[in-house]
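For the protein sequence lines, the chains are A and B, in the order given.
Position in the first sequence (first residue = 1) + 22 = this note's numbering.
Position in the second sequence (first residue = 1) + 20 = this note's numbering.
One or more of the hints may lead you astray.
Per the computed footprint, the stretches of chain A lying under chain B, defined by three or more beta-carbons under 8 Å from a beta-carbon of chain B, are [stated by the list, open to error]: (1) 84 to 97; (2) 112 to 125; (3) 172 to 178; (4) 188 to 200.
Below are the DMTMM-like pairs computed for lysine to aspartate or glutamate, each with C-alpha atoms no more than 25 Å apart in a straight line [as the list claims (entries may be wrong)]: (5) B/Lys381 <-> B/Glu329; (6) B/Lys488 <-> B/Glu113; (7) B/Lys407 <-> A/Glu53; (8) B/Lys381 <-> B/Asp476; (9) A/Lys184 <-> B/Asp421; (10) B/Lys407 <-> A/Asp50; (11) B/Lys816 <-> B/Glu780; (12) A/Lys184 <-> B/Asp368; (13) B/Lys714 <-> B/Glu76; (14) B/Lys323 <-> B/Asp253; (15) B/Lys686 <-> B/Asp632; (16) B/Lys381 <-> B/Asp427; (17) A/Lys184 <-> A/Asp154; (18) B/Lys714 <-> B/Glu780; (19) A/Lys184 <-> B/Asp418; (20) A/Lys184 <-> B/Glu372; (21) B/Lys381 <-> B/Asp421; (22) B/Lys278 <-> B/Asp253; (23) B/Lys77 <-> B/Asp51; (24) A/Lys184 <-> B/Asp302; (25) A/Lys184 <-> B/Asp374; (26) A/Lys184 <-> B/Glu744; (27) B/Lys407 <-> B/Glu338; (28) A/Lys184 <-> B/Glu367; (29) B/Lys245 <-> B/Glu780; (30) A/Lys184 <-> B/Asp420; (31) B/Lys407 <-> B/Asp427; (32) B/Lys278 <-> B/Glu780; (33) B/Lys602 <-> B/Asp507; (34) B/Lys816 <-> B/Asp253; (35) A/Lys184 <-> B/Asp414; (36) B/Lys381 <-> B/Asp162.
Because the hints were derived from the structure by calculation, they are not lab data.
For every residue, glycine included, the Cβ atom is placed at its ideal position computed from N, Cα and C.
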Amino acid sequence: MKTMKSLKIYALALTAAVLTFSCDNDDDTPEAVNEEEVITTLRVQLSSAAGSVTLQSVDADGDGPDAPVVSVVGTIVANTEYAGTVTFLNETESPAEDITEEVEEESNEHQVFFTASAGLNVTTVYGNFDGDGNPLGTVLTLTTGDVSTGNFTVTLRHEPTKPNTGLADAGGETDIEVTFPITVE
Amino acid sequence: MRLFFGAMLLLISSIATSQNCQNTLSGYIIDLHDQSPLANATIILAGAETAVITDEKGFYSISGLCDATYSLQISHPACSTQAVRVIVRGDTERTVNMEHHLEELGEVSVIGSGNSKANKTSQEQQVSTVALQVNAAGSIGDALKGLSGVSSLNTGNTVVKPVIQGLHSSRVVLVTDGTRLQDQEWGVEHAPNIDINNAGSVSVVKGASALQYGGDAIGGTIIIKPLRVPQADSLYGSTLLTGASNGRGGSITSTLIKSYNSGWYGSIQGTLKRFGDFETPDYILSNTGAYERDLALRVGVNKFSHGIEASYSIYNNELGILRASHVGSAADLANAIANTGVPNFTEDFTYEIDSPKQEIKHQTAKISAYKRFNDLGKLSFQYDYQKNNRLEFDIRRDSDDVRPAIDLELRTHTTTVDFDYTADNTIVAKAGILGRAQTNFPDPATGIRRLIPDYDRIDFGAYLLGAKTLNDWTLEGGVRYDFNFIDAQKFYRTSFWEDRGYDVLFPELVIEDLGTQFLVNPEFTFHNISATAGAGYDLSDTYNLTFNYALSNRAPNPSELFSDGLHQSAARIELGDIRFDKETSHKISVALSRKHNNWSFTLAPFANFISDFILIEPTGSQQTLRGNFPVWEYRQTNARLLGIDIDNRYIINEYLTMTNQLSIVKGQDRTLDLPLINIPPVNTTNRITYTNEKWYNFNFWIESQYVFRQNEFPDTNFPVFLVESNQNVTVDVSTPPEAYHLLNLRGKVDFSLNTTSKLEVALAVNNLFDTTYRNYLNRQRFFADDLGRNLSLQLKINY
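Taking the hints into account, I'd like the entire structure generated from these sequences.
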């Protein structure tokens, strides 16, 4: 009787063993993910009476192996004041997602920094501010001095220490950082 | 039943023939549960009228025996009678473990000495129950670190991953109550999903010799067994409360066991752990709290002839990841490393856990059964189902987006059948087969490209192990075959697929072209043979020498095969390779041990030669919109690990005991002739313990832990452009931190509350001098110091 009972248990166990291999056979094709967190495009549009300039960097494959394509279209004229806007896009999605809106909505948690390398006669002034009155930077005024060349860098920081005196003490994480080699003519 | 047994004994003993009859058989009778000697046990030589009684040390001796096979009948007032068959050749020693608490039952349990070890000639060490208790509010990794040769790879202080003789992750197999843990162990920031308080015993086999559990444990196998339940009418349990100053939290864990004479039993065990932000000597480590909730249930019947058990456990853990360790770019990492003071993100103490964090839920349901066949052995069967859900929350650009960045669900079904031959206690013979089916489902709802792809995996394994004891010699060997089949479906960026040249090598794998992405269907098949051989020799009563060789093979894990992008927490781009072949390890370990009254030691050197060792190292840099990232690529090379573990124990007098441990391991990439990365530095632990049973079982120790600086490391530094200073700087991610020394104290007393209840009170201080230090094997060493002083109080009630 006892043996019968344990035999039953083993039969049950064997059934379970068979089941191990018979289930989990879902051959469904997985769903593709379009990267939502990535910023593929940074665009700085500068306009003045002297004409407009577009600084743009596009990295179509995000963190993939292809390097971003950096372009400067238009002539940056010396001793001129430009009204500028900064736009961030995710172009892996269609239509492209405008991440600038998100940055502006959460203005307290973001700040755009503009850095001109030594010798480049360019200064910037913040054109918009967060809820606490600290700089945000998706809108700016860019003023050029005399003719010069150098690097102009745009950095978007997430959760920086605000207020700050610049990149060096801002902390936070870098969401995007692009360096444009430019010439003031 | 008893009558039948007696008749059988007579039959067996009559086989004994008389030749040279001058031999002495001696040994100890030991309680299986607590290894204490059993005095007044009666040993009857079946067929003869000889009967002897053990002395107070549990020792017995029978002289005038021939070279023959004898049957002994062993009885003790508190145990059921056992029959043991012994082969006598010359003067023979045989120690027998007896199942205590079996008063009413006439059942028989025979367990030869040493059988509780998974392996006889490899290095196996057991974590003491005290170490398990001391770390009740910590993790299994913390408790394992107390063993020589075992260290840990940490992410902060709550994610603690065991490292055995320099190897970790997929190279370390974790087995809980016969179930191989399937918890995405490949990730360096993935700690074992196990509640330390549910472990009755924990032992570590260094190397791949525990073939019963798998052939790919190139580093080693950690074997966790639940508490044994006696076969007696009893209701008992314990509650352990721990409060700790650092993290301002603690844990409570309770176990309750009900057992019956009939062999039926049930147990319930639960743990609740809660910690807020931990602290260094100088500042708060913001967002490092932990919140763990675990439950384990068991019900079954355990008899000598057969048994069955059903169990279920759930492990739930929420772990904060140091906020300051979150970086967006390589430049951020450079800035964080340059800042050796207070990290950028340091806020007031809180119990809140925000992103970045991990939320893990691991569930195991199991049914196991065994049946013993007289004079043959024990047949065991087990089926288990494991479901592991890992959520990793990253800091998102949109803070209202509460979706995890990683959402993996790993489901595993495993069936094993094992046979253990027990008829002759000079022989160990085991054989078994295993079947396993596994599915990984990464949820696309995260909106972030999958780190690990969808895959189905089938494993099949079969093993055969044997050991034979001949007087002073022990010989053992084993062989195992494993088959793995992986069927994956993965989206690759078109640019990556072409950059790696996969478009030329594997055009047939692409099943769908989505423009910027390809859906590909790689399949992998691996056939692996593992083997072990060993010998042990008793040089004298005090000295023993063992030698063990293990051959093992490991199939590449999902991250080694499939990584293809930015690893945010490491601020680097990691690239796997689907062309990888398996890793093969040849490990030789030798151990000389001395066991004597007041001085015992073990010297255990080892050499591990691994071909096609998979490692990750920097190969260049890649420009992205977030700046320049270093690229780390997995590659296969030939590696060599050499080392020694030394354990020393010296009993000074009846009150004082000194223990000392030293572990050295050196890792070398033999192809490039460079040191391997993340090899544990030399470390030594010394402890003096004072015990005085008269003062409420008073026990006090001072422990000194010295960790040397790792002087052998590869240069993995990389340059990065810093906008602030408009210049390139070198990011030093290779230089190990300085050596450090920590002092720990612990004192304990026991109070009897009544005849069955006991209260234990323990007070401990870790890092007594509040030393500031950083640990080479802590992935957060770039961002913050390690833990400062911790004062903890433990109350344990047994009832």
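Are there hints from earlier that the structure breaks, and if so, what are their numbers?
The structure breaks none of the hints.
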